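Novice: Please work from the sequences and hints to get the whole structure.
Numbering-wise (our numbering), the first sequence opens with residue 2 and increments by one.
Hints in this document: simulated from the structure, not taken from any laboratory. Small disclaimer: the values here were computed from a predicted structure and weren't measured. Cβ atoms here follow ideal geometry from the backbone N, Cα and C, with glycine treated the same way. Be aware that a few hints might be false.
Stated by the list, open to error - The calculated label-pair distances, taken between Cβ atoms and stated as ranges, are:
#1 328 to 209: 52 to 62 Å
#2 210 to 50: 23 to 33 Å
#3 406 to 247: 42 to 52 Å
#4 228 to 50: 37 to 47 Å
Said to hold, decoys possible - Derived DSSO-like pairs: lysine-lysine, alpha-carbon spacing no greater than 27 Å straight-line:
#5 369 to 419
#6 419 to 372
#7 375 to 419
#8 419 to 401
#9 372 to 401
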Amino acid sequence: MKKVIPSVKGTRDFYPREMAIRTWLYNKVRQVSESFGYQEYEGPMLETLELYAAKSGEELVKEQSFVFPDRGGNLITLRPELTPTLMRMVAQRQGQLTYPLRWWSFGPFWRYERPQRGRTREFFQWNIDLIGAASPEADAEMVAIMASFYQAVGLTPEQVQIHVNNRRLMDAQLARLGLTSELRQSAFRLIDRRDKLSPEAWRAYALEIGLSEAQFDSLTALLENTALWEESEELVRFFEAIDALGFSAYTRFDPQIIRGLDYYTGTVYEGRSQVGGLRRAVAGGGRYDNLLADVGGQPLPGTGFAMGDVVITLLLEETGNLPPDLEASPAPVLVTVFDEEHLLAAYALAGELRAAGINTACYPLPDKLGKQFKYADRIGAQLAVILGPDELAADQVAIKVLAERRQFTVARAAAAAKIREILAAPPAS
RNA sequence: GCGGCUGUAGCUCAAUGGCAGAGCGUCGCACUGUGGAUGCGAAUGUUGCGGGUUCGACCCCCGUCAGCCGCCCCA
Numbered sequence: 002m003k004k005v006i007p008s009v010k011g012t013r014d015f016y017p018r019e020m021a022i023r024t025w026l027y028n029k030v031r032q033v034s035e036s037f038g039y040q041e042y043e044g045p046m047l048e049t050l051e052l053y054a055a056k057s058g059e060e061l062v063k064e065q066s067f068v069f070p071d072r073g074g075n076l077i078t079l080r081p082e083l084t085p086t087l088m089r090m091v092a093q094r095q096g097q098l099t100y101p102l103r104w105w106s107f108g109p110f111w112r113y114e115r116p117q118r119g120r121t122r123e124f125f126q127w128n129i130d131l132i133g134a135a136s137p138e139a140d141a142e143m144v145a146i147m148a149s150f151y152q153a154v155g156l157t158p159e160q161v162q163i164h165v166n167n168r169r170l171m172d173a174q175l176a177r178l179g180l181t182s183e184l185r186q187s188a189f190r191l192i193d194r195r196d197k198l199s200p201e202a203w204r205a206y207a208l209e210i211g212l213s214e215a216q217f218d219s220l221t222a223l224l225e226n227t228a229l230w231e232e233s234e235e236l237v238r239f240f241e242a243i244d245a246l247g248f249s250a251y252t253r254f255d256p257q258i259i260r261g262l263d264y265y266t267g268t269v270y271e272g273r274s275q276v277g278g279l280r281r282a283v284a285g286g287g288r289y290d291n292l293l294a295d296v297g298g299q300p301l302p303g304t305g306f307a308m309g310d311v312v313i314t315l316l317l318e319e320t321g322n323l324p325p326d327l328e329a330s331p332a333p334v335l336v337t338v339f340d341e342e343h344l345l346a347a348y349a350l351a352g353e354l355r356a357a358g359i360n361t362a363c364y365p366l367p368d369k370l371g372k373q374f375k376y377a378d379r380i381g382a383q384l385a386v387i388l389g390p391d392e393l394a395a396d397q398v399a400i401k402v403l404a405e406r407r408q409f410t411v412a413r414a415a416a417a418a419k420i421r422e423i424l425a426a427p428p429a430s
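Specialist: So, in structure tokens, the structure goes:
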């Protein structure tokens, strides 16, 4: 076999099956976003490096972005995330927009990372943000949207849980343990990594960054305290709102959720898969009240989250929640070609059916009928239509219901109506 | 960026230094106006790529590319 030029590392080809999944996912995202009153928007895929230098982490920009010079020598970045773009778009029209702003987007992003299961260098991401509302109820709305999405795609609270915490609460608690401001930042990273290290290694790491034995013990106790949220007025209101929104089952307090991004200021949340082979974060976000000011706008509070397409698709595949018939032809009808002489008659009939609003494919050459039926079956068509000399002479067409191996003839003029009738009927299984 | 595993027909995998194979799939025929079954037959490979060792390499060695697993990181 000839060598095929390879694709770019970490990219994916969307064959019809994968494309059908992506489109299905996009439609779910749209449906859920719109059900909460959010408007779709999109930004450019190319941004200046400068935009990210402002606030995204050092590592993200320097190590994990595709950056290249344009012909004028300016450094261009393939966007690794959407939030800075969103902040710029809002800042540019800050005075003209109506708040609270509810916007969502679903588009491609790039990160220069080592590809592996659940991680590619090119991926799609749902971003949804509520800007201009600082209330805990606004955070609850975001979490409700995330839960609503899980519900819409068939994921149960047993399969995915949204873990919620609040950075202000954690900061206050750490301060109470006597940690300095810098030490609190390190402690955030420490908390974030607890699941990844052995208890011994985690303890060693804690002492290494400067915690005392007593502080370490207190911190451990803090992270075991599932009632800690009661000490945060924000979280108390948050959970009351989640209750009112009807999504308590999907939501739980987890003092260990910190999230990596520096710009989060308050409530943070992370959707986590509880499914056997796939215990990982599938979506995450939080409150960022200083970000707009950081890109040159007037201060405006915001909260939002992102969900990548790769992990959620793996999860839906594993839980059997992807739709069936992903590869079926969009045409439920195949018009067969009886022989060479009747090829154009078949084309004409196919045209009539299309004009009647029925998606119709026509076999493009005079192969044996058996082969054409096999093809019809393979592409997922439900009906095959035959137009041979007998039918033509009687001004009829033969319609074959493939799944039932049943065939009958009908007047040509009535064919479209009859086909519509059969297609509308629930599939006999 | 670091460490490990894997790479053989369209797919899943055998062959462990001595002629590159099987199952599934594909195609053809049985079946010149009718598909999923059955039978018979056929096609398909630079063993990821490049080098080395050897009389001889899918097999051993080096490099490289890709996928996967972990680290890092996680918008």
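Novice: Run every hint past the structure and note whether it holds.
Specialist: Against the structure, the hints come out as follows:
For the pair residue 328 and residue 209, the beta carbons lie near 53 Å from each other, so the given range of 52 to 62 Å is met. In this structure, residue 210 and residue 50 meet the distance hint of 23 to 33 Å, their C-beta atoms being roughly 31 Å apart. Separated by about 48 Å at the C-beta atoms, residue 406 and residue 247 satisfy the suggested range of 42 to 52 Å. Checked against the given bound of 37 to 47 Å, the beta carbons of residue 228 and residue 50, roughly 45 Å apart, stay inside it.
Pair hint residue 369 plus residue 419 holds up; C-alpha atoms about 26 Å apart against a cutoff of 27 Å. Taking the CA atoms of residue 419 and residue 372, the gap is about 25 Å. The hint holds against a cut of 27 Å. A threshold of 27 Å between alpha carbons decides the hint, and for residue 375 with residue 419 the separation of about 23 Å falls inside it, so the pair holds. At most 27 Å may separate the alpha-carbon atoms for a hinted pair to count; residue 419 and residue 401 meet this at roughly 12 Å.
Straight-line distance between C-alpha atoms of residue 372 and residue 401 comes to about 14 Å, which keeps the hinted pair within the 27 Å bound.
Violation of the numbered hints given earlier is absent; every hint is satisfied by the structure.
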